[in-house]
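K.L.:
So the protein sequences, as listed, match chains L, U and R. Sequential numbering of the first sequence, starting at 1, is according to the numbering used here. Sequential numbering of the second sequence, starting at 1, is according to the numbering used here. Sequential numbering of the third sequence, starting at 1, is according to the numbering used here.
If you're looking for bench data, these hints aren't it; they were derived computationally from the structure. Where is the CB? At the ideal position from N, CA and C, for every residue including glycine. Honestly, I wouldn't trust all of these hints.
Claimed, not checked - Here are the simulated lysine-lysine pairs, DSSO-like style, with alpha carbons at most 27 angstroms apart:
1. R:LYS109 <-> L:LYS249
2. U:LYS89 <-> L:LYS192
3. U:LYS250 <-> L:LYS198
4. U:LYS250 <-> U:LYS89
5. L:LYS217 <-> R:LYS317
6. U:LYS223 <-> L:LYS192
7. L:LYS192 <-> U:LYS379
8. L:LYS198 <-> U:LYS220
9. U:LYS379 <-> R:LYS317
As the list claims (entries may be wrong) - From the structure, some residues in chain U lie toward chain R, with a derived Cβ separation under 10 angstroms:
10. PRO171
11. ASP299
12. ASP336
13. GLY337
14. TRP340
15. LYS342
16. GLU354
17. GLU382
18. ARG386
As the list claims (entries may be wrong) - Not everything, but these chain U residues come out facing chain R in the computed CB check (under 10 angstroms):
19. ASP26
20. SER113
21. LYS379
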Amino acid sequence: MNIVVLAKLVPDLVEELEIDDSGTALDMTWLRLIINELDDHAIEQSILLKEKTGAHVTVVAPDFEDIDDILYTASAKGADRLIKILGDYESGINNHAIARAFAPIIRELSPDLILSGVQAHDDRDGSLGALLAGYMDLPYVGYVASVAIGDGQATITKEYPGGLSAEMAVSLPAVLGIQVAEEPPRYVAVSKVRQAMKTAEIEEIDAGDFDLAGGAKVTRMFQPEVGEGATMLEGSLDDIADELVSILKELGAG
Amino acid sequence: MTAATAPASTRSFNDVFYESLFEVEDGERIRACLQCGTCSGACPFGYLMGFPPGRMIAYLRAERFENVIDSDSVWMCVSCYACTAVCPKEIPLTPGLMTRTKEEMLLAGNVPSELQDALMNSQRYGNPLGESPRKRAEWTRGLEFEVPTFREAKRAVDVLWFVSDYPSYHPRVQLTTRAMARVLKLLGVDFAILGPEENSDGDSQRLAGERGLFEMLAEKNGKALSRYEFNQVITSDPHAYNAFKNEYPKLGIEYPMQHFTEFVAERMDDLKPHLKPLEEQRVTYHDPCYLGRANDVYDAPRTILSAIPGLELVEMPHNRSTSLCCGGGGGGMWLDGFQWEKAHVRLSEWRIQEAVSVNADILAVACPYEPPRFEDAAKMVEGAGRLAVKDIAELLAESIEADA
Amino acid sequence: MSNDIYVVIEHIRGKVSEISYLMLAAGHQLAEGSGGELAAVLLGSNTENLASDLAAQKVLYFDASELADFTPGAYVQCLQGLLTTDAPRAIIFGHTSIGMEVASLLSVKTNLPLVNSCLSFSTDGGSLQYTSQLYGGKILAEGEIPGPSCLLTLVPGGYKAEDGQSSTPPPVTRVEVPDLSGQRITVTQYLEPESGDVDISTQELLVAVGRGIQLEDNIELAEELAEVLSGVVCASRPVVDQGWLPTTRLVGKSGFQVKPKIYLALGISGAPEHTEGIAGSDTIIAINTDPAAPIFNIAKYGIVEDIFDLVPLLTEKIEESR
Numbered sequence: 001m002n003i004v005v006l007a008k009l010v011p012d013l014v015e016e017l018e019i020d021d022s023g024t025a026l027d028m029t030w031l032r033l034i035i036n037e038l039d040d041h042a043i044e045q046s047i048l049l050k051e052k053t054g055a056h057v058t059v060v061a062p063d064f065e066d067i068d069d070i071l072y073t074a075s076a077k078g079a080d081r082l083i084k085i086l087g088d089y090e091s092g093i094n095n096h097a098i099a100r101a102f103a104p105i106i107r108e109l110s111p112d113l114i115l116s117g118v119q120a121h122d123d124r125d126g127s128l129g130a131l132l133a134g135y136m137d138l139p140y141v142g143y144v145a146s147v148a149i150g151d152g153q154a155t156i157t158k159e160y161p162g163g164l165s166a167e168m169a170v171s172l173p174a175v176l177g178i179q180v181a182e183e184p185p186r187y188v189a190v191s192k193v194r195q196a197m198k199t200a201e202i203e204e205i206d207a208g209d210f211d212l213a214g215g216a217k218v219t220r221m222f223q224p225e226v227g228e229g230a231t232m233l234e235g236s237l238d239d240i241a242d243e244l245v246s247i248l249k250e251l252g253a254g
Numbered sequence: 001m002t003a004a005t006a007p008a009s010t011r012s013f014n015d016v017f018y019e020s021l022f023e024v025e026d027g028e029r030i031r032a033c034l035q036c037g038t039c040s041g042a043c044p045f046g047y048l049m050g051f052p053p054g055r056m057i058a059y060l061r062a063e064r065f066e067n068v069i070d071s072d073s074v075w076m077c078v079s080c081y082a083c084t085a086v087c088p089k090e091i092p093l094t095p096g097l098m099t100r101t102k103e104e105m106l107l108a109g110n111v112p113s114e115l116q117d118a119l120m121n122s123q124r125y126g127n128p129l130g131e132s133p134r135k136r137a138e139w140t141r142g143l144e145f146e147v148p149t150f151r152e153a154k155r156a157v158d159v160l161w162f163v164s165d166y167p168s169y170h171p172r173v174q175l176t177t178r179a180m181a182r183v184l185k186l187l188g189v190d191f192a193i194l195g196p197e198e199n200s201d202g203d204s205q206r207l208a209g210e211r212g213l214f215e216m217l218a219e220k221n222g223k224a225l226s227r228y229e230f231n232q233v234i235t236s237d238p239h240a241y242n243a244f245k246n247e248y249p250k251l252g253i254e255y256p257m258q259h260f261t262e263f264v265a266e267r268m269d270d271l272k273p274h275l276k277p278l279e280e281q282r283v284t285y286h287d288p289c290y291l292g293r294a295n296d297v298y299d300a301p302r303t304i305l306s307a308i309p310g311l312e313l314v315e316m317p318h319n320r321s322t323s324l325c326c327g328g329g330g331g332g333m334w335l336d337g338f339q340w341e342k343a344h345v346r347l348s349e350w351r352i353q354e355a356v357s358v359n360a361d362i363l364a365v366a367c368p369y370e371p372p373r374f375e376d377a378a379k380m381v382e383g384a385g386r387l388a389v390k391d392i393a394e395l396l397a398e399s400i401e402a403d404a
Numbered sequence: 001m002s003n004d005i006y007v008v009i010e011h012i013r014g015k016v017s018e019i020s021y022l023m024l025a026a027g028h029q030l031a032e033g034s035g036g037e038l039a040a041v042l043l044g045s046n047t048e049n050l051a052s053d054l055a056a057q058k059v060l061y062f063d064a065s066e067l068a069d070f071t072p073g074a075y076v077q078c079l080q081g082l083l084t085t086d087a088p089r090a091i092i093f094g095h096t097s098i099g100m101e102v103a104s105l106l107s108v109k110t111n112l113p114l115v116n117s118c119l120s121f122s123t124d125g126g127s128l129q130y131t132s133q134l135y136g137g138k139i140l141a142e143g144e145i146p147g148p149s150c151l152l153t154l155v156p157g158g159y160k161a162e163d164g165q166s167s168t169p170p171p172v173t174r175v176e177v178p179d180l181s182g183q184r185i186t187v188t189q190y191l192e193p194e195s196g197d198v199d200i201s202t203q204e205l206l207v208a209v210g211r212g213i214q215l216e217d218n219i220e221l222a223e224e225l226a227e228v229l230s231g232v233v234c235a236s237r238p239v240v241d242q243g244w245l246p247t248t249r250l251v252g253k254s255g256f257q258v259k260p261k262i263y264l265a266l267g268i269s270g271a272p273e274h275t276e277g278i279a280g281s282d283t284i285i286a287i288n289t290d291p292a293a294p295i296f297n298i299a300k301y302g303i304v305e306d307i308f309d310l311v312p313l314l315t316e317k318i319e320e321s322r
C-alpha cells in the first residue's frame, strides 16, 4: 500500500497580512509560512494508516522557503520518503499549475492513495487535491474525516453540515481531501526532527515550467475595513459590562 | 541492576534510562535512594500521582519503568523542586528523574495537547503564547519614555534586560514589566532589551521534556546576545534566571545574571529616598520555586519589601525553601487543563488560602507566571476577594509614584 | 457559449441547502449583468419537487438512480456533458462539501477556469467582477470573471436566501443523463450526528465559544452566561474537534446554520467556516482580544477585551439585574 501525501506552505495568519505595492498580492517580506493545517492532518492520517496497515508513506511538497523543515518533521513522524518539487513558485503560481505539473510526477510514484488537505486559506482556484485528481483521472472525495483501507478500495466518511456524515466506498487508487485526521496531529520532539535532518534524505524532482492557466487574475487585493459595521463598546470593564446588560435587555434577553 | 558492560542491543529501556540519569550533575546519587518517601510526601501532587517520585525510583529498581512511561502520572509534576529540596540523599530529582521521564514521554508522543501547543508555539514563534515575535517589544508603548532595543541603541549598554515571554506578551504581566522599567529608569540604569531578537529562555520547555527545543532556543538567544556589548543581564523571570545561571553556561553561553530583586536590593540606598509611604497594609511574600528553592535567593525580595514604608511584611506558614508552588513551572503553565481533570484543585489556590490565613492584604510575587495564576485563584478562594496580587516591581513603582 | 448563468443546486436527504438560495440570489445578479438567463441545475433521483421554490428562470434536471445520493463522480459526469454542449457565462457552486470538489474536478475536465470562495459579484461597467474571500476572511480579492465561461464557488455572506426563493415554481426541463454505470465512488450509509442534545439551529440565544476559550474547563464560563440569559452554548470547530462539546453544538460549515436573535461570540476570530453558520443571526455581539478579528466585520457590537475578565463580570451583572 503506497500512500502519497501532498503538503504545502501557507501564510501564517498570526502575523498581520499586508498587501504589496502592486496592490494585487500579499507582501511576502514579513510573512511567516507554515504548513497548511489540513495538510498536517493529511500527514497525520497517512501515518495512522501506516501504523495500521504497514503502508509506505511519501510526502511530496513544492520546494518553497522552509519546506525542508516540514519534510523532516514528517520524516520524524514516520514518513518513509520525502520529495520536494522544484519550480518557479513566485510568479503567479496557482493550484491548477501545481496540480498539472505534479500529476505526472506523482503518477510515477504508483500511489494507491493520495491524501491532501481539502483546502488551504490561500486557495484561489479550487482545491489542490481535487485538481490533482482531475489531472490524474482518479476519483476524489473531499471533507474526509476518516479513512479505512480495504481490498482495492477505501471506506471513508465525508462530512456534511449539521453534523451529518456519509460513509462512502472509493475505489483505489484515489485522491482524498482531508478535513480532519482521526487523531490530532501528533507532537514530535525537536530532537527527533534534528535527528531526521541528519538521517533522512529529501529527493528533488524538477517540475519544469508551470502552465498557469485555470485561475483568474486579481486586480485588487485588500483588507476589509476592520470593525466595519460593528459598534465597538469601549471604556472600563465595568462600563462595558453595564452597557452590554442594557443592550441585552433591549434585545429581550437577560 | 544489569551491568553497563552488556552490549547496547541487549540492554533494556529501563537500564538505558537509569544510566541516563547519571548524566545530570550529581545524578549517581539516585543509587543511594532510601525509599524513605519524603519526596512523594513533599510533592504537592504526590497524593494524586500513580507514580510519585519515590515510587518511580522503586519501579526503576524493579526494572518496570515502562509502567511509569505508560501512565501519564509524570505530567502532574510541576518541577517545583520540593522533592529535590527535601531529599536526604540530595538526589537531583527534578532536573534528573522528573525531567528525563518527561523527555521519554515526549519521545513516545505522550503529550497533553495544551502542552503540545505551547511547545509548537515556542518552536514557531519563539514564545509559548503563540504571539508574533515582531510584537515582542510592544509592551513598551505604555511607557512615558523610550526603552531601546540593542539593535536601535547601536552602542554598548550597561545592562541587558532579558524581558522573557509572559512579561512581554501577557496583558496582566505587562503591567509588571512597565513598573519594572519605571524603577530601572528612576535608578538611572543604562539598559536595553533585545525586543524581537529575544526568544523564550526555554527553561520551562526544558523541564517539560523538550531538551531539543530548549537547545534550539538557547542557540538563538546565544546568537543574539553575542552581537551586543553589555556588562550583565537582569530579568524578572526566575525561569530565565535559572536558564542563564545554570543551563546556558553548559552550552557555552555565559553572562553574569541577576534577578531584578537582587539587582534592586543592591541599590536600596539610591532607591529609599524615592519611596513614599503606601497605605498601611500587610504584605506577604511568595518565594517563587526557581528563585527560592532552586537558586537560594530568599533575602533580596524581603529586603525590598521591608523598605517600602507602610507595608508590614508577614510570612506564610510555607515560606523560603518550603514555599508552595503556584503550579506554573516545568510546563505546569501549559498543563492546567490536564491537571485540573485529575486534581480538581489548583495549587495556586492553596497558596491563596495561606495568604488569607495570615490576614495579608497583598500577596507579593517575583515571577511572571504568578500574577495571572494567583489572581485567578483569588477569585475562587473564599475570603480572598480583597487580596491584591502584586509583583515587587509594581509595589516599588506604586511607592515611587505615591504622594509624599 | 451563452450568456446564461447556471447554479448547481445542493440538496441533502430531501432538503435543498440554504447555500442554493444564496447562489440563486447571486446568480440572478450575474444574469442581469450578462444579459442571459438564470438556470438552476438540479441532479437527483425523483427529486423534481425540490425545484419548486428555486428562483430561477428554468431548471435543468438530471434524474437517475445513481444520483440518489451525492457523489462527485456522477455529478461531474453529468455536468461535464452539459457544459460541453453549451457553456454558460458562469456556473456557480457552493463552497461546500458538495460544491468544492465538483467545481475543481469539473475545472480540469472542461478546461474552464475556476474562482473559489466568492463572496459577492458586481456587474458595473459591463464586465462581471468577483470579490472573493481569502486567508480566513482577512483579505478580499477582486477581479474580472474570466470569459467566455467560468466556474465559481460561493461562500455565504453577500446575499440573502430570500432573494433566491420563489413562490412560483420554475419550468423544469429534463436533461439526458449520460451512462453513469461503473461509478468509482458510492455511498454506503449516512451517519447521523449524536442525538439527544439541544437543536442549536432553533435557539433564540446562543453563547458561542471558540479557540479563545483555551481550556475545556473554561467552557463553564460560557455555560454560566448562557444560563442567566436562558440560552445555549455552541462552538466553532476547534472546540468541537477537541471533543469539548459534541458535534451537535458545532456552528459553521460542517455544523449547523443558526439564526438566533442574539449570538454572543466569545473568543471567536470569525473565520468564514464559522461565520457562514451565523449569517442568519439578528444581532451578533463579539468579544475578542484581537481588534483585527474578522468577526468584528459582521458583528453588531464589538468588544476588544479578555473574555475571562468580561464574561464573569457580565454574568454577575445580569444575575443582579434580574
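K.L.:
So, for every hint listed, does it hold in this structure?
P.N.:
Outcome of the hint check:
With a CA separation close to 56 angstroms, the supplied pair R:LYS109 and L:LYS249 exceeds the 27 angstroms bound. Restraint check for U:LYS89 and L:LYS192: the C-alpha separation of about 34 angstroms exceeds 27 angstroms, so the hint is violated. Straight-line distance between C-alpha atoms of U:LYS250 and L:LYS198 comes to about 23 angstroms, which keeps the hinted pair within the 27 angstroms bound. About 25 angstroms separates the Cα atoms of U:LYS250 and U:LYS89, which keeps this hinted pair within 27 angstroms; it holds.
At most 27 angstroms may separate the alpha-carbon atoms for a hinted pair to count; L:LYS217 and R:LYS317 exceed this at roughly 52 angstroms. At most 27 angstroms may separate the alpha-carbon atoms for a hinted pair to count; U:LYS223 and L:LYS192 meet this at roughly 23 angstroms. A distance of roughly 42 angstroms separates the Cα atoms of L:LYS192 and U:LYS379; the hinted pair therefore is violated under the 27 angstroms criterion. In summary, the hint linking L:LYS198 to U:LYS220 is supported, as the alpha carbons are separated by about 20 angstroms, within the 27 angstroms threshold.
Between U:LYS379 and R:LYS317 the alpha-carbon distance is near 16 angstroms, which keeps this suggested pair within the 27 angstroms criterion. Because the smallest distance between the Cβ of U:PRO171 and any Cβ of chain R comes to about 7 angstroms, under 10 angstroms, the interface hint for this residue holds. For U:ASP299, the interface hint is violated, since its Cβ never comes within 10 angstroms of a Cβ in chain R; the closest pair sits about 35 angstroms apart. With a least beta-carbon distance of about 6 angstroms to chain R, the hint placing U:ASP336 at the interface is held under the 10 angstroms criterion.
Taking 10 angstroms as the C-beta contact cut-off toward chain R, the hint placing U:GLY337 at the interface holds, the least distance being around 4 angstroms. A cut of 10 angstroms between beta carbons decides the hint on U:TRP340: the least distance to chain R is about 6 angstroms, and the hint holds. The beta carbon of U:LYS342 comes no nearer than 12 angstroms to any beta carbon in chain R, farther than 10 angstroms, and the hint placing it at the interface is violated. Of the supplied interface hints, the one on U:GLU354 is violated, with its beta-carbon coming no nearer than about 23 angstroms to a beta-carbon of chain R, more than 10 angstroms.
Using the Cβ-Cβ criterion of 10 angstroms, the hint placing U:GLU382 at the interface with chain R is not satisfied: the shortest such distance is roughly 16 angstroms. For the restraint placing U:ARG386 at the interface with chain R, the shortest Cβ-Cβ distance is roughly 17 angstroms, beyond the 10 angstroms limit, so the hint is violated. At its closest, the beta carbon of U:ASP26 sits 37 angstroms from a beta carbon of chain R; the interface hint therefore is violated under the 10 angstroms criterion. The interface hint given for U:SER113 is met, as the beta carbon of that residue sits about 7 angstroms from the closest beta carbon of chain R, less than 10 angstroms.
A distance limit of 10 angstroms between C-beta atoms decides the matter here; for U:LYS379 the minimum to chain R is near 8 angstroms, and the interface restraint holds.
Taken one by one, the earlier hints fail for this structure at numbers 1, 2, 5, 7, 11, 15, 16, 17, 18 and 19, listed in ascending order.
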